[in-house]
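Colleague: Based on the hints, put chain B in the right spot on chain A.
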Amino acid sequence: MSRAPQLKALVLIAPLLVFLGVFFVWPLVTVISQAISDPAISRVLPRTASAISGWNGQGLPGAEVQAALRADMAANTDEMAMGDVIRRLNASKSGFRSLMGKTVTALKESPDKPLAEIDKRWGDTAYWLAIRENASPYTDAYLLESVDLERGSDGSIQAKPAGSSANGAIILRTLWTGALVTLCCLLIGLPYAMVTASVTGWKRALLLGAVLLPLWTSLLVRTAAWMILLQENGLINQALMGLGLTNAPLALIYNRFGVVLAMTHVLLPFMVLPIYSVLLTVPGNLMGAAASLGAHPVRAFLRVLLPLSLRGVISGMLLVFMSAIGYYITPALIGGATDQMISSVIAFYATGSANWSMAAALGLILLVLTLVLYALYNRLSREPGQMG
Amino acid sequence: MTDSFMRFDKVTKDYGSVRVVEDLDLTIARGEFVSLLGPSGSGKTTLLMMLAGFESVTAGAITLDGQRLNDVPTYKRDMGVVFQNYALFPHMTIARNVAFPLEMRGTPKSEIATRVKRALDMVQLGHLSDRMPGQLSGGQQQRVALARSLVFEPRVVLMDEPLGALDKQLREQMQLDIRELHHRLGLTIIFVTHDQDEALTMSDRIAVFNKGQIQQCASPRQVYDHPANRFVAEFIGETNLLAGKVSGVDGGRVALTLPDGSVLQADGAPGFSVGDDALLSLRPERIDLHGPADALTGLNTLRGDVADTIYQGDHLRIVIVTAAGRIIARVPRKAAEWPNGSQVVLSFRPTDGWVIAP
Numbered sequence: 001m002s003r004a005p006q007l008k009a010l011v012l013i014a015p016l017l018v019f020l021g022v023f024f025v026w027p028l029v030t031v032i033s034q035a036i037s038d039p040a041i042s043r044v045l046p047r048t049a050s051a052i053s054g055w056n057g058q059g060l061p062g063a064e065v066q067a068a069l070r071a072d073m074a075a076n077t078d079e080m081a082m083g084d085v086i087r088r089l090n091a092s093k094s095g096f097r098s099l100m101g102k103t104v105t106a107l108k109e110s111p112d113k114p115l116a117e118i119d120k121r122w123g124d125t126a127y128w129l130a131i132r133e134n135a136s137p138y139t140d141a142y143l144l145e146s147v148d149l150e151r152g153s154d155g156s157i158q159a160k161p162a163g164s165s166a167n168g169a170i171i172l173r174t175l176w177t178g179a180l181v182t183l184c185c186l187l188i189g190l191p192y193a194m195v196t197a198s199v200t201g202w203k204r205a206l207l208l209g210a211v212l213l214p215l216w217t218s219l220l221v222r223t224a225a226w227m228i229l230l231q232e233n234g235l236i237n238q239a240l241m242g243l244g245l246t247n248a249p250l251a252l253i254y255n256r257f258g259v260v261l262a263m264t265h266v267l268l269p270f271m272v273l274p275i276y277s278v279l280l281t282v283p284g285n286l287m288g289a290a291a292s293l294g295a296h297p298v299r300a301f302l303r304v305l306l307p308l309s310l311r312g313v314i315s316g317m318l319l320v321f322m323s324a325i326g327y328y329i330t331p332a333l334i335g336g337a338t339d340q341m342i343s344s345v346i347a348f349y350a351t352g353s354a355n356w357s358m359a360a361a362l363g364l365i366l367l368v369l370t371l372v373l374y375a376l377y378n379r380l381s382r383e384p385g386q387m388g
Numbered sequence: 389m390t391d392s393f394m395r396f397d398k399v400t401k402d403y404g405s406v407r408v409v410e411d412l413d414l415t416i417a418r419g420e421f422v423s424l425l426g427p428s429g430s431g432k433t434t435l436l437m438m439l440a441g442f443e444s445v446t447a448g449a450i451t452l453d454g455q456r457l458n459d460v461p462t463y464k465r466d467m468g469v470v471f472q473n474y475a476l477f478p479h480m481t482i483a484r485n486v487a488f489p490l491e492m493r494g495t496p497k498s499e500i501a502t503r504v505k506r507a508l509d510m511v512q513l514g515h516l517s518d519r520m521p522g523q524l525s526g527g528q529q530q531r532v533a534l535a536r537s538l539v540f541e542p543r544v545v546l547m548d549e550p551l552g553a554l555d556k557q558l559r560e561q562m563q564l565d566i567r568e569l570h571h572r573l574g575l576t577i578i579f580v581t582h583d584q585d586e587a588l589t590m591s592d593r594i595a596v597f598n599k600g601q602i603q604q605c606a607s608p609r610q611v612y613d614h615p616a617n618r619f620v621a622e623f624i625g626e627t628n629l630l631a632g633k634v635s636g637v638d639g640g641r642v643a644l645t646l647p648d649g650s651v652l653q654a655d656g657a658p659g660f661s662v663g664d665d666a667l668l669s670l671r672p673e674r675i676d677l678h679g680p681a682d683a684l685t686g687l688n689t690l691r692g693d694v695a696d697t698i699y700q701g702d703h704l705r706i707v708i709v710t711a712a713g714r715i716i717a718r719v720p721r722k723a724a725e726w727p728n729g730s731q732v733v734l735s736f737r738p739t740d741g742w743v744i745a746p
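Protein sequences appear in the order of chains A and B.
Residue 336 in the numbering used here sits at position 336 of the first sequence, with consecutive numbering throughout.
Residue 479 in the numbering used here sits at position 91 of the second sequence, with consecutive numbering throughout.
It cannot be assumed that every hint is accurate.
Under 7 angstroms between C-beta atoms, here's a sample of chain B residues computed to sit facing chain A [unchecked claim]:
#, residue
1, Tyr403
2, Val469
3, Gln472
4, Asn473
5, Pro489
6, Arg493
7, Gly494
8, Tyr612
9, Tyr699
No lab work stands behind these hints: they were computed from the structure.
C-beta atoms are modelled at their ideal positions from N, C-alpha and C, and glycine is treated no differently.
Okay, chain A solo, but in the shape it has when bound (with noise of 0.2 angstroms):
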């Protein structure tokens, strides 16, 4: 009976599901597995792939683990996958280059000759162990990479040596930076929405107009002014100067200040709304109460409004610090050198170095974080009145 209604609704909502699985969840899974997947070896040599996974790494393979290899090797006929394949096994294991290119050429002229004899470095465990370590499709190398881990020789994850990268402390300068941002925001969007929500009429639609008003405004063109307002020329400098307050430009521009400042300015809506709307739902004559009942108006704040805003300024200040983490234009145009966030480095992964995997194991970690921060935020905002 209930079939046709819910068969309509199935169909209503038809374009939607296609649209989001099609330009939301097909690229995300692609974008994870990505971030797992090593199918290069797998892909060229998989009769070696599967062969040497019955290799327990102490002493050479057996013969069947060879006459594997050397078959996977004459059957290929990709060149470009081969040379994925050697510079995969080379970025393991130094030599592998001109090995796995001796052995090409070897094979082709004589394909029986035992690979000992074609290279005697194949009688070494060392490259073999590097086949092994790289013939699994899935990987958890550019993960732990991206936090600046790595596997040793035996297997064991451990601290990549010190100065080889820096994602790990580029994911805490974003945390860092991330903070900054949502402390200021609360320190100026809290006393803004408990202002908003106290008074009425025009001044409360001028307060609220302020707010909005840059979140209608492209992100871009908001960036581009603080660019202008801050820079050695700009307009504050130039008035801190004419007004001989200084004598030389203060750096305003192109450090943690500066991003702080603009990224501040941004995000403040997403303090000041959600405070405003739980203050709004505060009924007027609390305060008054409050006063009636012998308590001074700091006091009043202190053990009324301030309790009651609570839930407003925690779903803030979590809608703040999310959105904070994933910026890339305002770090990238307003910061320095030294004060790009994680963002920039998944762009330079994706667009500078075409290093895909890295660029999607280091957007993993921060979809992981951004969804433990959004459950978070679902747990709190979901329990009214339960604080204080």
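Modeller: Okay, now just chain B, sitting in the frame of chain A:
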């Protein structure tokens, strides 16, 4: 009133160019229950807000116990305020709500516990002290608000339509509860309401407000039986107003000649002289109905025809058309009924009418 515990002297309040309270004088004695009654916008709530300190006084002075209150901030006025929407703190338990004014005054912890318990027991809510306000019914919340406003033994308790949000039965119960608390604790209560029954039930005196001024401030009996003017007569209870000219004054007794020539005798305010235009206020329940043949002496009488009879359960409302206009009479169910169109004679004693200026 010789005891002027609380005084309003020429108190005026302007909102921009709008004058909401004008040159208002009022004196209230310690332990008195005074209702401020009037239609919305009459200035009664504004007066209460000025008393509580939520609104500033534009001109004039408010004094309490000899202390000028105008510039004293709310939190130092030591007045309990009960709001229509209860204004309980939603993030605190009932006990914490009631403890709040004591904590603000630095009362010792051990004493707070006993006083909170006593206050909550007083409104029969001692068993709910650990609940949150949202878990209580409207009536319970208002009783908590009452306990919270009384627990610190304020000099005055202000109530701003505290029963307005409750249903009829609960309201009547609360009226009696508050009245009882007033008598038992000797509280001074200023009670704002637009419900005349509430004011009549609870007050020692009623101040009837209209257009920012007090029209009359007197006991419920006085206000109802001897309204000062037409506004009070019409606002409190139901009344019939018959227009005429004063044709004689004898002490407190006024003779009023109606346009059709009939003369009615009734009590009236002093100050009338022969020839003045005047109104006779005649309460529907003070009218008796008789058949045209009944012999009547010493009473005012008017002849008329029954136009309609409305059954109201405990009484009948009878609409009668007379030469002086339509008159509503309210008669008990036990009385004889008259079919529409039948001739009747209305009678009332001179002491049951009241002559006022038009």
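Colleague: A separate judgement is required for each hint: does it hold in the structure or not?
Modeller: A quick look at each hint next to the structure:
1. Tyr403: Tyrosine 403 of chain B check fails; min Cβ-Cβ to chain A is 13 angstroms, beyond 7 angstroms.
2. Val469: 4 angstroms, holds
3. Gln472: Violated, about 9 angstroms.
4. Asn473: 6 angstroms, holds
5. Pro489: Check passed: Cβ of proline 489 of chain B comes within 4 angstroms of chain A, closer than 7 angstroms.
6. Arg493: 6 angstroms, holds
7. Gly494: Given a least distance of 10 angstroms, the restraint on glycine 494 of chain B is violated.
8. Tyr612: Hint on tyrosine 612 of chain B: violated, closest Cβ of chain A at ~32 angstroms, above 7 angstroms.
9. Tyr699: 43 angstroms, violated
Going down the numbered hints, you'll see the structure goes against 1, 3, 7, 8 and 9, while the others check out.
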